[in-house]
Structures are given as C-alpha cells and as structure tokens.
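The working numbering runs 10 ahead of the 1-based position in the sequence shown.
Keep in mind that the hints were calculated from the coordinates and are not lab data.
There are no misleading hints in this set.
Distance ranges between label pairs, derived from CB positions:
#1 Gly-248 - Arg-222: 16 to 22 Å
#2 Arg-240 - Glu-155: 41 to 47 Å
#3 Tyr-19 - Ile-125: 20 to 26 Å
The structure presented is a predicted model; accordingly, all values stated were derived computationally and were not measured.
Note that beta-carbon positions come from the ideal geometry of N, C-alpha and C, so glycine has one too.
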Amino acid sequence: HTLVPLARYLGFNLEGLPIDGNGLIPEALDEACRLSDIRAVFVQPSVINPTATLMDATRREQIAAVARKHDIAIIENDVLGPLVEGRPPAVAAFAPERTLYVTSFTKITVPGLRIGYLAVPDRYVAAVANRHLVSNWMATPMVAEIATRWVNDGTAMELVNWQRQALRRRQEIAAEVLAGVDYRVHRDGLHLWLELPGDRAEESFVSQARLRGVAIAPGTSFRIADTPWRPAVRISLGSTTEGELRAGLSVVAKLLLGDPEHLLLAI
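All chains, please: the whole structure from these sequences, using the hints.
Following this line, the structure appears as structure tokens:
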C-alpha cells in the first residue's frame, strides 16, 4: 500500500508482474529479469495484500531460484506470515544469501506495538545500516523491550493465537453476510479481495460505500503502472468490532446484490 509512493519518492522504477492463485509467477519474473535491468524483487508470499493469496513452498523455492539465476535481491515482506498457521518456509529459507526479510509485531499482536525487524545477509549489511535514520532516529527502547520480553516469555505467540481465532470468527461473519458473493480470503488473513461484477467501477463503488459510512480500498491503490487487473476492492476485517463489521459488510452486500441507485436515494 505504501510501496508505490515510497518508490516514486526515492526515484525507483517499479514493474508490476503477473500473479496467479499461487502468487508471483516465476516465469514472469524470469522474463522481466531478461528484458529489464531488475535489481530486486519484492514479494509478500503469506496472505499477499490485497489478493489474500498464500504462496506454497514450491513456488517460494522457484522464486528464490530465479532470483539466484539472475543475481537479484529479494525483499520479503512477511508482516502477516506469523498469523498463518502452518505456513510454508519463508522465501528467505530458500535463498538466505540474497533475501532481506521484513516482519512486524503490529499486525500480529496489538496495533500499538509498532516495531518490527529486518534480517539481512552479510552482503547487504552495509547497505541497510542506519537507513532507519531517514524516517526516525531510533526505535522506542520501551517498545523494543516489551516486544523482546513477549517473544521470550510466550506472550507474543499467545496473542498471535488469539488473533487467529478472532479472524476466523470474522471470516464466519463475512461468509454469512456475503453469501452468494464471490471473493478471495485466507482463513488467517486480515482482509478479503472482492472482484466487482459486470462493469461496476471501483471508484464509484467505493464512493457509494463511503456515503453509507463504510471505508473500503479500491484496487487502484495497490496497482503498479498498467498491470492488468479486474475492478476490485479490498475489505479489511480488523480495526472494528464484530458488530460494526457485520453492519459494514451488509452495506457492501446490498450494494453488490441490490440496486445502488435506489439505496442511495433511500439514505
């Protein structure tokens, strides 16, 4: 969500690559590396934002092999990975010599624990050292201490398990309210991906939902350049109560299955 504006600010050229139901397509990455001066590939293999795809172990190994073949770096965003019970090994496990592995406590424990970590191979240590000074001077020591203690005493894992159960309850709410609606979701994911039917426009749909007090993200927020993509929206399952989630999803269902113009006049 923030990768595109950050890359533009830094002057990096981004190239979107095709994905399927298993995530990034290795052949597409291989072709891009042959045709362009690719320096690194950014992957989010566990419940990718926004399509909620979980990349299997074979695909992760294939991505690592392509990166090794072309000697490019891998930036692995695994902020949602720990939520996925029994998830495959990280891409970093298949290419530890070239993978910069990033994760965070914010999404998997409590939102206020705003701290994460970056694991890098020796070849990139000098390149990343002190880069955090660009955005902040240092991580808050107290927050770092809390995170460390929670990992060591098992509290972090207890919170992860609590989050999983809470998300699964919310998945059940979504399945009930959106019955008859085709969408993508992972049982341990924080969001769902809903492709709009027919010729429904993203911005119009998002605006109609906003008028009714429901905030959803258009697919264009996650799109890079002219990457082909059917009109779709991402719906977050967190950051609200279960009752509010049910009410919000009911609005989405009515907009999808009912007459949006009639609903608008009825407000």
